[in-house]
Amino acid sequence: MTLETIIVGIVVGFAGGWLVRRWLAAARRRKEGGCAGDCGCAAKIQPKK
Amino acid sequence: MSATEPSLTVALVGNPNTGKSTLFNALTGLRQRVGNYPGVTVARKSGQCDCGNGTKVELIDLPGLYSLSAASPDEQVVIDALSGHLAADHRPDAVVVVVDATNLLRNLFLASQLSELALPVVLVLNQADVAAEQGLKIDTELLSRRLGGVPVVLTSAWKGEGIAGVRRAIGEALVQRVRMPAVEWPALVEEAMADVAAGVAADIGRAPGRADVERLLFDSTTSVGQRLGWAAPRRDAVIRAARDKVRRAGYNPLAAEPLIHYERLRKLLEGVVQGGGNRTGGSAAVDQVLLHRVLGPMVFAGIMLGMFASVFWLAKFPMQWISGGVDWLKAVVAPSLDSMPMLQSLVTDGMIGGVGAFLAFLPQILILFLFVSILEDSGYMARAAFIMDRLFSWCGLNGKSFVPMLSGFACAIPGILSTRTIEDPKARLATAFAVPFMSCSARFPIYALMCAAFILPKYGAGWESVVMVGMHCVGLLFAVPTAFVLTRFVLKVKPQPFVLELPRYQMPKPRDVLWRMWQNAAEFVSKAGTVIFAITIIVWALSYFPRDPAVEQRIRANGDSVGAEVVAARVQAAYVEQSYMGRFGKAVQPIFDPCGFDWKITVGVLASFPAREVIVSTLGVTYSVGEGAKADSKHLQQVMFDAKWTEGPRVGTPIFSLAAVLALMVFFALCSQCGPTIATLAQETGGWKWAAISFVYMTALAWLMAVAVYQVVIRLT
Numbered sequence: 001m002t003l004e005t006i007i008v009g010i011v012v013g014f015a016g017g018w019l020v021r022r023w024l025a026a027a028r029r030r031k032e033g034g035c036a037g038d039c040g041c042a043a044k045i046q047p048k049k
Numbered sequence: 001m002s003a004t005e006p007s008l009t010v011a012l013v014g015n016p017n018t019g020k021s022t023l024f025n026a027l028t029g030l031r032q033r034v035g036n037y038p039g040v041t042v043a044r045k046s047g048q049c050d051c052g053n054g055t056k057v058e059l060i061d062l063p064g065l066y067s068l069s070a071a072s073p074d075e076q077v078v079i080d081a082l083s084g085h086l087a088a089d090h091r092p093d094a095v096v097v098v099v100d101a102t103n104l105l106r107n108l109f110l111a112s113q114l115s116e117l118a119l120p121v122v123l124v125l126n127q128a129d130v131a132a133e134q135g136l137k138i139d140t141e142l143l144s145r146r147l148g149g150v151p152v153v154l155t156s157a158w159k160g161e162g163i164a165g166v167r168r169a170i171g172e173a174l175v176q177r178v179r180m181p182a183v184e185w186p187a188l189v190e191e192a193m194a195d196v197a198a199g200v201a202a203d204i205g206r207a208p209g210r211a212d213v214e215r216l217l218f219d220s221t222t223s224v225g226q227r228l229g230w231a232a233p234r235r236d237a238v239i240r241a242a243r244d245k246v247r248r249a250g251y252n253p254l255a256a257e258p259l260i261h262y263e264r265l266r267k268l269l270e271g272v273v274q275g276g277g278n279r280t281g282g283s284a285a286v287d288q289v290l291l292h293r294v295l296g297p298m299v300f301a302g303i304m305l306g307m308f309a310s311v312f313w314l315a316k317f318p319m320q321w322i323s324g325g326v327d328w329l330k331a332v333v334a335p336s337l338d339s340m341p342m343l344q345s346l347v348t349d350g351m352i353g354g355v356g357a358f359l360a361f362l363p364q365i366l367i368l369f370l371f372v373s374i375l376e377d378s379g380y381m382a383r384a385a386f387i388m389d390r391l392f393s394w395c396g397l398n399g400k401s402f403v404p405m406l407s408g409f410a411c412a413i414p415g416i417l418s419t420r421t422i423e424d425p426k427a428r429l430a431t432a433f434a435v436p437f438m439s440c441s442a443r444f445p446i447y448a449l450m451c452a453a454f455i456l457p458k459y460g461a462g463w464e465s466v467v468m469v470g471m472h473c474v475g476l477l478f479a480v481p482t483a484f485v486l487t488r489f490v491l492k493v494k495p496q497p498f499v500l501e502l503p504r505y506q507m508p509k510p511r512d513v514l515w516r517m518w519q520n521a522a523e524f525v526s527k528a529g530t531v532i533f534a535i536t537i538i539v540w541a542l543s544y545f546p547r548d549p550a551v552e553q554r555i556r557a558n559g560d561s562v563g564a565e566v567v568a569a570r571v572q573a574a575y576v577e578q579s580y581m582g583r584f585g586k587a588v589q590p591i592f593d594p595c596g597f598d599w600k601i602t603v604g605v606l607a608s609f610p611a612r613e614v615i616v617s618t619l620g621v622t623y624s625v626g627e628g629a630k631a632d633s634k635h636l637q638q639v640m641f642d643a644k645w646t647e648g649p650r651v652g653t654p655i656f657s658l659a660a661v662l663a664l665m666v667f668f669a670l671c672s673q674c675g676p677t678i679a680t681l682a683q684e685t686g687g688w689k690w691a692a693i694s695f696v697y698m699t700a701l702a703w704l705m706a707v708a709v710y711q712v713v714i715r716l717t
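First to last, the protein sequences are chains P and F.
Quick note on numbering: the first sequence equals residues 1 to 49 in this note's numbering.
Quick note on numbering: the second sequence equals residues 1 to 717 in this note's numbering.
Simulated from the structure, these hints should not be mistaken for laboratory data.
Computed from a predicted model, the values in this text were never measured in an experiment.
Hints are not guaranteed to be accurate.
[What the hints assert, rightly or not] Far from chain P, by Cβ distances over 12 Å, these chain F residues were calculated:
no.	residue
1	A201
2	R235
3	T653
[Unchecked claim] Which chain F residues face chain P? A few, computed with CB under 10 Å, are given here:
no.	residue
4	T530
5	T536
6	W540
7	A541
8	G675
Ideal Cβ positions, reconstructed from N, Cα and C, are used throughout, including at glycine.
The shape of chain P in the complex, shown without the other chains:
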């Protein structure tokens, strides 16, 4: 395995991992009643039960 392959592997792996982590975080935010968008506004407007 060459240095080039290792660098490319790290870059591609990092990009894929970052995307998965981001989507999981967005799903968790939605589950907690936050904004469903990716805007990060964290608006919570659920009335108290």
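Let chain P serve as the given structure and place chain F on it in line with the hints.
For chain F alone, coordinates are given in the frame of chain P:
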């Protein structure tokens, strides 16, 4: 809560479009979105406000409402916040009531109702500059005295005048705790309220608040009984008997509250407001034209056409500079990676090519939002809502659906969220379903790319603008019949009257316009540097690997008769075709073949389902890989312009024919390609059913219309 966070909370309330968010921004130093039309704020937003005497409070900006009788979800947010029923919030320590200084009588109705919440109040008479222009003189000291010492401050939040006075008044209100004086109800009405309070106490075991009693007695659709756990039929019997008493007092029970409040307010305002009379002059004359049955829609269409033509014209040179910069960067970086061709391709074709193709549209996005901000802040967009009401009322919606639809032109997510201003749940659902059809700014880059690459060179700038406006109308053309079928036959929505308070015309504030442009530019660039960058790398990897040396050996063995450059190009093309992306694209391409899409476009379409703007960077990568990282590499537009079918019945003909270009744009105009929008739809409709229906319906419709457009245009050209 951390030690640095304020423990006191102050709520900002008032009628829609009185400048609450502008005042909120002035008091907190934040940049909350403001707009010169009702319904911009649909959820609570908070920030820290310094009251000047060392006291810091958490200021909450709430959606506008006309009274405490909540009809829509955004109004319910206000009432829940004021009564301490909003999750994670306690009851505010004071309330700042923002009223329009040019219309005190109507605006003070809400302030008068707030007396029943027994909260310290600061009364802010905003838009003082407009009141002065209209010749109105307001005696704030007299008004304050008549309100039992409630601080009254005259401001022009838009100009930043009177803000220090509001800070001081909030600080004083928290110490002195002066409340709005209670209403003196007629004796029989007072008795009726006592009966309701006694009925609640007897049935649930605790006395209700005064505000809850008023809602139970005066509102026919209140949910207070449900919240208190006071169940029918006993509840209905008590309320019926109490309303009979109100009738005996000479009032219709459902109209008694405003009648009594306004009677009180008229007396209260005697001698407080003087002058006026020149209220409507200029605005009315302009509205004669802009709201005219025939001229109004024509002016609207003209403004839209002019806006898109200007966007193209003004953005042309900055776009060329960005594309030139991207090419220069590729040329500078490529030679240093000559010894590592794989890494060279990743950096130049993937990272720089993909992100650069996306970033080239930044000038158009900036200029588009410059025009949108000017139209909104000037007050024209509310007039556009009025014009569109005729169209919307035909399909069972009303003008209130216009604000969500308008927001949808920037992004569907705030559009769907702003359907909370619509009272009827069925009309709200129908509007939320129609909003994703609006042509959001994420669709803009693909339209712009197709128009610049294929429409402009062949048909000229005029047709480029027409196609652009047309693409923005395609969504609306399908949203209207969709809403018609949904409201008439599926949801059976009852027609709703549309009442819209038209804001006065005003000169847009350069700072606000520039801030809006900056926000959108920052979001666009941030997306390019994060999500688009990461997706671009993945797309590059999928279109680069696997690299079987046998592919190259086979082509070189058969390529003796042609030049080295041709052989190199064939090798690159063969590698892309046998990559994971190439294999996948070729496997799925037959589905999109009737739309005229080759496997590379198919890959772009599929990669765009999480976020539609990914198409540009994906095309940037798939059409760059194979071009190599040569210093003289052609712009994406030129590469696409030259691309030809290499197999099948269309071999040798351009892939991007007029038919395919129009079909691709129509597909993107109608397809549901945005993960966050689908999730927002699910959240706002209370489940995944409507989100799933929306996704399947829009995607199937997009495919059908793309096929129809391609098949018709290909036969005509």
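To see whether the hints hold, each was checked on the structure:
| no. | hint | in the structure |
| --- | --- | --- |
| 1 | A201 | 22 Å, holds |
| 2 | R235 | 20 Å, holds |
| 3 | T653 | 35 Å, holds |
| 4 | T530 | 8 Å, holds |
| 5 | T536 | 8 Å, holds |
| 6 | W540 | 8 Å, holds |
| 7 | A541 | 5 Å, holds |
| 8 | G675 | 8 Å, holds |
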